[in-house]
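Model the full assembly from the supplied sequences, consistent with the hints where possible.
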Amino acid sequence: MYHTITWLLWLLAALLPAMLTKNPLYLVILLLAVTVDYSTIGHSSPTASSWSAFLKIGLILAAFSALLNPLTVHYGETTLFTLPRVILKAGRVVFLQLGGRITLEALSYGLANGLSLMAILLVFATFNVLVNHHKLLRSIPAFMYQTGAVASVAIAFVPQMAASLQEIREAQMIRGHRFRGIRDLLPLFMPLLTSSLERAIQLAESMEARGFGGSISQMGRRRELFHKLSIALALLALLIGVFLYGYFPASRWIGGLLAVGGVMLLGRTLRAMSRRVERSRYRRELWRRRDTLVSTASLLSLAVFASFLLLDKRALAFYPYPRFELPTFNPIIGLALLAPVTPVLGLFNRGEICD
Amino acid sequence: MISLRDVTYIYPNTDVPVLCDLSLELKEGDFLLVIGASGAGKSTLLRCLNGLIPHFYGGVLRGEIRVAGRDPVAEEPRGMSDLVGFVFQDPEAQFVVDSVEDELAFAMENHNLPQSLMRKRVEEVLDQLNIAPLRHRRVSTLSGGEKQRVAIGAVLTLQPKVLVLDEPTSQLDPQAAEEVLTTLQKLNSDLGLTIVLSEHRLERVVQYVDQLLYMPGRGRPPLIGPAGEVLAQVDLCPPLVTLAKELGWDPLPLTIKEGQRFSRRLQLPAHLAGSTEPADTESQPVIHASDLWFSYGQREALCGINLKVGQGEFVALMGRNGSGKTTLLKQIMGLLHPDRGHVELWGEDTRRLKTEAIVQRVGYLPQNPNALLFADTLRDELDFTRRSQGLPLGGYEEFLRALGLEQHINAYPRDLSVGERQRAALAAILVAGPEVILLDEPTRGLDYPQKRALADFLAEQCRQGKTVIMSTHDVELVANCADRVVILGEGQVVVDGPVRDVMTESLVFSSQVNKLFRDDRFLKVEDVLEVLRE
Numbered sequence: 001m002y003h004t005i006t007w008l009l010w011l012l013a014a015l016l017p018a019m020l021t022k023n024p025l026y027l028v029i030l031l032l033a034v035t036v037d038y039s040t041i042g043h044s045s046p047t048a049s050s051w052s053a054f055l056k057i058g059l060i061l062a063a064f065s066a067l068l069n070p071l072t073v074h075y076g077e078t079t080l081f082t083l084p085r086v087i088l089k090a091g092r093v094v095f096l097q098l099g100g101r102i103t104l105e106a107l108s109y110g111l112a113n114g115l116s117l118m119a120i121l122l123v124f125a126t127f128n129v130l131v132n133h134h135k136l137l138r139s140i141p142a143f144m145y146q147t148g149a150v151a152s153v154a155i156a157f158v159p160q161m162a163a164s165l166q167e168i169r170e171a172q173m174i175r176g177h178r179f180r181g182i183r184d185l186l187p188l189f190m191p192l193l194t195s196s197l198e199r200a201i202q203l204a205e206s207m208e209a210r211g212f213g214g215s216i217s218q219m220g221r222r223r224e225l226f227h228k229l230s231i232a233l234a235l236l237a238l239l240i241g242v243f244l245y246g247y248f249p250a251s252r253w254i255g256g257l258l259a260v261g262g263v264m265l266l267g268r269t270l271r272a273m274s275r276r277v278e279r280s281r282y283r284r285e286l287w288r289r290r291d292t293l294v295s296t297a298s299l300l301s302l303a304v305f306a307s308f309l310l311l312d313k314r315a316l317a318f319y320p321y322p323r324f325e326l327p328t329f330n331p332i333i334g335l336a337l338l339a340p341v342t343p344v345l346g347l348f349n350r351g352e353i354c355d
Numbered sequence: 001m002i003s004l005r006d007v008t009y010i011y012p013n014t015d016v017p018v019l020c021d022l023s024l025e026l027k028e029g030d031f032l033l034v035i036g037a038s039g040a041g042k043s044t045l046l047r048c049l050n051g052l053i054p055h056f057y058g059g060v061l062r063g064e065i066r067v068a069g070r071d072p073v074a075e076e077p078r079g080m081s082d083l084v085g086f087v088f089q090d091p092e093a094q095f096v097v098d099s100v101e102d103e104l105a106f107a108m109e110n111h112n113l114p115q116s117l118m119r120k121r122v123e124e125v126l127d128q129l130n131i132a133p134l135r136h137r138r139v140s141t142l143s144g145g146e147k148q149r150v151a152i153g154a155v156l157t158l159q160p161k162v163l164v165l166d167e168p169t170s171q172l173d174p175q176a177a178e179e180v181l182t183t184l185q186k187l188n189s190d191l192g193l194t195i196v197l198s199e200h201r202l203e204r205v206v207q208y209v210d211q212l213l214y215m216p217g218r219g220r221p222p223l224i225g226p227a228g229e230v231l232a233q234v235d236l237c238p239p240l241v242t243l244a245k246e247l248g249w250d251p252l253p254l255t256i257k258e259g260q261r262f263s264r265r266l267q268l269p270a271h272l273a274g275s276t277e278p279a280d281t282e283s284q285p286v287i288h289a290s291d292l293w294f295s296y297g298q299r300e301a302l303c304g305i306n307l308k309v310g311q312g313e314f315v316a317l318m319g320r321n322g323s324g325k326t327t328l329l330k331q332i333m334g335l336l337h338p339d340r341g342h343v344e345l346w347g348e349d350t351r352r353l354k355t356e357a358i359v360q361r362v363g364y365l366p367q368n369p370n371a372l373l374f375a376d377t378l379r380d381e382l383d384f385t386r387r388s389q390g391l392p393l394g395g396y397e398e399f400l401r402a403l404g405l406e407q408h409i410n411a412y413p414r415d416l417s418v419g420e421r422q423r424a425a426l427a428a429i430l431v432a433g434p435e436v437i438l439l440d441e442p443t444r445g446l447d448y449p450q451k452r453a454l455a456d457f458l459a460e461q462c463r464q465g466k467t468v469i470m471s472t473h474d475v476e477l478v479a480n481c482a483d484r485v486v487i488l489g490e491g492q493v494v495v496d497g498p499v500r501d502v503m504t505e506s507l508v509f510s511s512q513v514n515k516l517f518r519d520d521r522f523l524k525v526e527d528v529l530e531v532l533r534e
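Going down the list, the sequences are from chains A and B.
According to my numbering, the residues represented by the first sequence are 1 to 355, in order.
According to my numbering, the residues represented by the second sequence are 1 to 534, in order.
Note that these hints are calculated values from the structure, not bench results.
Model, not experiment: these values are computed from the prediction.
A virtual CB, placed ideally from N, CA and C, is assigned to each residue, including glycine.
Hints are supplied without guarantee of correctness; some may be wrong.
[To be verified] Only some residues are given here: those of chain A computed to face chain B with a beta carbon under 7 Å:
id: 1; residue: Gln166
id: 2; residue: His177
id: 3; residue: Ala209
id: 4; residue: Val260
id: 5; residue: Glu285
[Unchecked claim] Beta-carbon label-pair distances, calculated as ranges:
id: 6; chain 1: A; residue 1: Thr40; chain 2: B; residue 2: Gly304; range: 34 to 42 Å
id: 7; chain 1: A; residue 1: Ala154; chain 2: B; residue 2: Asp376; range: 28 to 36 Å
id: 8; chain 1: B; residue 1: Asp127; chain 2: A; residue 2: Gln160; range: 28 to 36 Å
id: 9; chain 1: B; residue 1: Asn130; chain 2: A; residue 2: Leu12; range: 50 to 58 Å
Below you can see the structure in the form of structure tokens.
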């Protein structure tokens, strides 16, 4: 329902705060935002059922982190209660101390960490549900289209495999087969393997018979080598550039120039390679007004977080040690965190054809 | 348009040629139907036309092939793709992208056609094949017939001169097959497209084709010519043609309409009333479903089914796809449990029975035999079932002979032909000796003699006191072996009665012979011959 580029921007705008901040208030807002997206736009998507699986994993991870941190970390001034201690040590070296003093600080920090993990997971889960994978794969550069097509086919294969597995399981069950050990899995996997292979062969035939992979014009050996070398060179320049920029403040300018040069060379080579692919594209995705809206919101939010990162890092941080303090709340950040929920606005604008 | 001269082909790692000195000439706009037993080389021949053989399969190819003057061996499948469109058997396995419109464009993208031209052609093809309403749909949500039409569309966008189809309807139900075959006939007559089709359902297409190619297999020379001439010499015939041959009708009628010209002249004794089958005895039914309701999430599959099946009955379960046939079989098998109502086997509720207990008395052959077979030899498959149910091994010879599989006992089951594989799966189920046999569409991809053999086998099982319930679309099979028909519609029992009554009253669920005479004495060829003999 949105352009793939829009979704990619959305992903950045949602992922950056999830990774930057540990502030539970911000993380809760973000979690709510992506949940609203999922439950309004996402639930009709064909991959919708994966979301609740991600949610479960996220909850388990968050709970694990929230429990483990206070059990193992005993910093902090506010003692909540004391548990019996279990100490693991070898000689004099203490490896791990479980239990003992449980502090509010360690609990809140564990909880914040768990929330941040869960936020990252759910942002990806929501993206996975919202974006059209086939469109996403189609927007990769032309020289990689074969890889894209393969990935696209693989995505379509997974639900088919799941369906055949169910069918095979039933078929073996009604033969009186019971699954008790590893060896009993053979009647399950052999038919699955053979039927998947048969299907793969037929698909390959079908692609071949429709001219797939036929139109990459033959590159000369030397030309291909030249492309490979320039990619390697570009990556090397980028790496050295970034290294110099980061670790040698004196040669920052040289580093910066090298990095930019590397990126430009990389772009040029990839474009030259793409031009060699003689393959047209049927569809250009439509860019609608609501795409502009969501993209602008996402870009603004990214700008807000980038400026806080550069100017006022502490506004994003949450560090309860040594003494617990309530997390701060900056209304500008709060507002920026609403950007991921803007796709919902598209629902009020139903005049256009959805595809 | 197509010319083959002395074509011989040997698959890699074998030494018996599948095609042997085959020669063939087709004019532009010809419709060629290829028939023959499974394994006779039909698919091989079709794959020669676009270079998949030898390029995809390897092997040794001799002789000369020309399609519109071009050589598929030199040009490879990719190069031939704008000339020969190829549609495969399995509607599931030939799609690359997920939406119908993108699938239609895929071949054109590969050929680097400009966007404006692609748009125009996609619109044209959508209209030609009547699939415009499907354009935004996901391929995975289409029905079988829709999928095959999209697959045809996906090759038509390159505007090929030849359309080659390898058993495109063998996985479809009759309505869907009808959709596809009607489409082909239209493409042939409206656009003059040359079509090469391999197909088991002769009765649907044989009247449209210009030439019929019969491949007997095993290196014997093929027959080619007008449909009537070829059918007169082979035994892969629809019931109408079989009857016509028996009675010496000439020229051979290919449609019911043509047949009626002869049947009206036939002197048949007057109909004697009162030969209905004995009424159901009041003994305890083997299977008893009462007020059975079931739904998959939101979708209601069974809505208040009542069904009693007694011992030794042969029930055919018919109805459209999605009418609940498979669900009902799974309910009887205890794989699913009713939301409301009961299913009882020998008076016991399936909810209270364990699957293992049901399995010992009820055998179920699922739709796809490939889901069942996994072992290295057929013997291992049979051993596996016997062992799973704690039965002694061995002594399969007689049992396999009844199924015509005795020479395959050491064969790798997946190497068998479609019909043999179906019977191998049946053997793997029946070797445990169940009292009730459930079959889910057992005739997909079988030709007439194979269906005949299956019908005879099942009828024999029934005579031995076994109860058979078979879901099927195949009217001829039902006419040959069932004694009761239950037609489901939207999860309800629409019709339930003796096969003769149901078929004579219905237009759709009626066999060819019955359509010809519209008389409840005549369902199959033998019925007519018997009456005439008297």
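Taking the hints in turn, this is what the structure says about them:
1. Among the interface hints, the one on glutamine 166 of chain A is violated; its C-beta lies about 10 Å from the nearest C-beta in chain B, farther than the 7 Å criterion.
2. Interface restraint check: histidine 177 of chain A against chain B, minimum CB-CB distance 5 Å, threshold 7 Å, status holds.
3. Contact between alanine 209 of chain A and chain B, as hinted, is supported at the beta carbon level, the nearest pair being about 4 Å apart and thus within 7 Å.
4. Hint status for valine 260 of chain A: violated, given a least beta-carbon distance of 34 Å to chain B, over 7 Å.
5. Because the beta carbon of glutamate 285 of chain A sits about 12 Å from the nearest beta carbon in chain B, more than 7 Å, this interface hint is broken.
6. Threonine 40 of chain A and glycine 304 of chain B have their C-beta atoms about 37 Å apart, which keeps the hinted 34 to 42 Å range intact.
7. Roughly 29 Å separates the CB atoms of alanine 154 of chain A and aspartate 376 of chain B, a value that falls within the hinted 28 to 36 Å.
8. Between aspartate 127 of chain B and glutamine 160 of chain A the C-beta distance comes to about 30 Å, which sits within the given range of 28 to 36 Å.
9. A hinted range of 50 to 58 Å is violated for the C-beta pair asparagine 130 of chain B and leucine 12 of chain A, which are about 44 Å apart.
Figure legend: structure checked against the earlier numbered hints; hints not met, in rising order: 1, 4, 5, 9.
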